[in-house]
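> Please work from the sequences and hints to get the whole structure.
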Amino acid sequence: MSATRKDQARLRAIEHLDIIKRFTLEISSINSHLERVRQLWGKALGVSGPQWMILIAISDLDKDDGVPINVVSKLLHVDPSFVTTQSKLLEQKELLRRSPSPADARVVRLSLTDKTRKHLAGLAEQHKAFKKTVFEEFSEHELAEFTAKLAMLNNRLEKACLIAAMDFET
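Here our numbering is used: the first residue of the sequence shown is 939, the next is one more, and so on.
Note that these hints are calculated values from the structure, not bench results. Only a predicted model underlies this, so the values are computations on that prediction, with no experimental measurement involved. Idealized CB from N, CA, C, for every residue including glycine. Errors might be hidden in some of the hints.
Derived DSS-like pairs: lysine-lysine, alpha-carbon spacing no greater than 27 Å straight-line [unchecked claim]:
#: 1; residue 1: K1087; residue 2: K1097
#: 2; residue 1: K1087; residue 2: K1012
#: 3; residue 1: K1026; residue 2: K1056
#: 4; residue 1: K1026; residue 2: K1069
#: 5; residue 1: K1056; residue 2: K981
#: 6; residue 1: K1026; residue 2: K981
#: 7; residue 1: K1070; residue 2: K1056
#: 8; residue 1: K1069; residue 2: K981
#: 9; residue 1: K1056; residue 2: K1066
#: 10; residue 1: K1012; residue 2: K1026
#: 11; residue 1: K1056; residue 2: K1069
#: 12; residue 1: K944; residue 2: K959
#: 13; residue 1: K1053; residue 2: K959
#: 14; residue 1: K944; residue 2: K1069
#: 15; residue 1: K981; residue 2: K1070
#: 16; residue 1: K1056; residue 2: K1031
#: 17; residue 1: K981; residue 2: K1066
#: 18; residue 1: K1087; residue 2: K1056
#: 19; residue 1: K1066; residue 2: K1053
#: 20; residue 1: K1026; residue 2: K1001
#: 21; residue 1: K944; residue 2: K1012
#: 22; residue 1: K1097; residue 2: K959
#: 23; residue 1: K1012; residue 2: K981
#: 24; residue 1: K981; residue 2: K1031
Cβ pair distances, simulated, as ranges [stated by the list, open to error]:
#: 25; residue 1: T1022; residue 2: E1074; range: 34 to 40 Å
#: 26; residue 1: S970; residue 2: D1042; range: 35 to 41 Å
#: 27; residue 1: K959; residue 2: L999; range: 32 to 38 Å
#: 28; residue 1: K1031; residue 2: M1104; range: 37 to 43 Å
#: 29; residue 1: D1042; residue 2: L978; range: 19 to 25 Å
#: 30; residue 1: Q1030; residue 2: K1066; range: 28 to 34 Å
#: 31; residue 1: K1053; residue 2: A1102; range: 42 to 48 Å
Shown next as structure tokens:
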């Protein structure tokens, strides 16, 4: 079966689902595609998808003094111990530096090495092409609006998960 015939069959099946189920399936599918891309980009640097996300978070957040582990963990919605463990592995590969905060030595700040910065700069054209392919249908305003709605939905889902967890624990 060709790719377009598969897509058409998938669309016909999806049309019969209620909108909430369809939305859930689409989000799940988007997550799968993003995970695949993270794995591919990470592989180019010799790291896992989650390690790639840690490096990208640091790249986006660092303003020349490093980023605290807890800030990275909050952005990625993972436990700080996970970021701690993975950052030690990334430090061994000389992809990031871990250093104590000057204000509080208990706080570890993460920053990228020059090697990692050069690698990310080398991927800039690929990243630009990826973004164009994915987001070309959106104006900047539409994308900002859509992203804000997704963030709101994410917050509501987080609350709903807590409620569901309490329901199942009692």
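> Among the hints numbered above, which are violated by the structure, and what are their numbers in rising order?
Hints 4, 13, 18, 21 and 29 contradicted; others consistent.
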